[in-house]
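A.B. asks: Chain by chain, the residues:
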Amino acid sequence: ETAVFQTPNYHVTQVGNEVSFNCKQTLGHDTMYWYKQDSKKLLKIMFSYNNKQLIVNETVPRRFSPQSSDKAHLNLRIKSVEPEDSAVYLCASSSYAEQFFGPGTRLTVL
Amino acid sequence: GQQVQQSPTSLVLQEGENAELQCNFSTSLNSMQWFYQRPGGSLISVFYNPSGTKQSGRLTSTTVIKERRSSLHISSSQITDSGTYLCAMERGSGSWQLIFGSGTQLTVMP
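Residue numbers (this note's numbering), protein chains in the order written: chain S, 1 to 110; chain U, 1001 to 1110.
Just so you know, the hints here were simulated from the structure itself, not pulled from any lab data.
Don't take each hint at face value.
What the hints assert, rightly or not - Below, a list of computed lysine to aspartate or glutamate pairs in the EDC-like style, where the Cα atoms sit at most 20 Å apart:
1. S:Lys-44 x S:Glu-58
2. U:Lys-1054 x U:Asp-1081
3. S:Lys-41 x U:Glu-1090
4. S:Lys-40 x S:Glu-84
5. S:Lys-44 x U:Glu-1090
6. S:Lys-52 x S:Glu-98
7. S:Lys-36 x U:Glu-1090
8. S:Lys-71 x S:Glu-98
9. S:Lys-40 x S:Glu-82
10. U:Lys-1054 x S:Glu-98
11. S:Lys-41 x U:Asp-1081
12. S:Lys-36 x S:Glu-98
13. S:Lys-52 x S:Asp-30
14. U:Lys-1054 x U:Glu-1090
15. S:Lys-52 x S:Asp-70
The structure presented is a predicted model; accordingly, all values stated were derived computationally and were not measured.
Using the sequences and the accompanying hints, generate a full structural model.
C.D. replies: Shown next, in the form of structure tokens:
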């Protein structure tokens, strides 16, 4: 099956902890992305990454960092979570402009 | 100001009625995409439509670059069409990062 896969589906943690979310795509795409969807369902780009370039949205706090081992994987690490980080984190990939999304990881910060 | 504006915010239809969803962009349009999302569900690409008209079954998308707008028409709506429809445009600078509208919540009643 070719798609975008994310783990875990959901994660509950406490303020100050470190979390890491995984994303893998089997579509053969060159570019991957992380988006954040807040409680009002608004989606915002966080990062885009291919083997040449990492582009960071300037509004993303520095405690967030993407990690990639190869072009099929782009993980998201949050160093010290805060309550406002509670959201759904969506991973996507593309070979050109059309993007395909994973099912998301729902993060709850207590 | 918001770069991508969707209307209406919500729409309630009787099964069989048609729906017209609008998306307006405040900047030049490079590429755009329509997505569908069920509550708690993943984002599904409905159309990648940077210009012109595309049709798939009961769905038709029309993008007019000069007027900076795109529409999604759903004919003969069905209960299973209920969900949130999101439009997104490319952020620019060749990053292919998407900027999303706030979505149209569609409810189709029996």
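A.B. asks: With reference to the structure, classify each hint as holding or not holding.
C.D. replies: Tested hints:
For the given pair, S:Lys-44 sits about 11 Å from S:Glu-58 by alpha-carbon distance, which is consistent with the 20 Å threshold. For a cut-off of 20 Å, the pair hint linking U:Lys-1054 to U:Asp-1081 stands: about 18 Å separates their Cα positions. As the CA atoms of S:Lys-41 and U:Glu-1090 are separated by approximately 19 Å, the hinted pair is consistent with the 20 Å bound. Taking the CA atoms of S:Lys-40 and S:Glu-84, the gap is near 13 Å; set against the 20 Å cutoff, the hint holds.
Distance check on the hinted pair: S:Lys-44 and U:Glu-1090 sit about 12 Å apart at the alpha-carbon level, within 20 Å; holds. At roughly 19 Å between alpha-carbon atoms, S:Lys-52 and S:Glu-98 fall within 20 Å of each other, so this suggested pair holds. A distance of roughly 16 Å separates the Cα atoms of S:Lys-36 and U:Glu-1090; the hinted pair therefore holds under the 20 Å criterion. Annotation: proposed proximity of S:Lys-71 to S:Glu-98 holds, straight-line Cα distance about 17 Å (limit 20 Å).
Annotation: proposed proximity of S:Lys-40 to S:Glu-82 holds, straight-line Cα distance about 18 Å (limit 20 Å). A distance of roughly 14 Å separates the Cα atoms of U:Lys-1054 and S:Glu-98; the hinted pair therefore holds under the 20 Å criterion. Restraint check: the Cα-Cα separation between S:Lys-41 and U:Asp-1081 comes to about 18 Å, which is no more than 20 Å; the hinted pair holds. Between S:Lys-36 and S:Glu-98, the direct Cα distance comes to roughly 18 Å. Compliance with the 20 Å bound is thereby established for this hinted pair.
A distance of roughly 10 Å separates the Cα atoms of S:Lys-52 and S:Asp-30; the hinted pair therefore holds under the 20 Å criterion. With a CA separation close to 18 Å, the supplied pair U:Lys-1054 and U:Glu-1090 stays within the 20 Å bound. Only pairs whose Cα atoms come within 20 Å are accepted, and S:Lys-52 paired with S:Asp-70 is accepted, the gap being roughly 12 Å.
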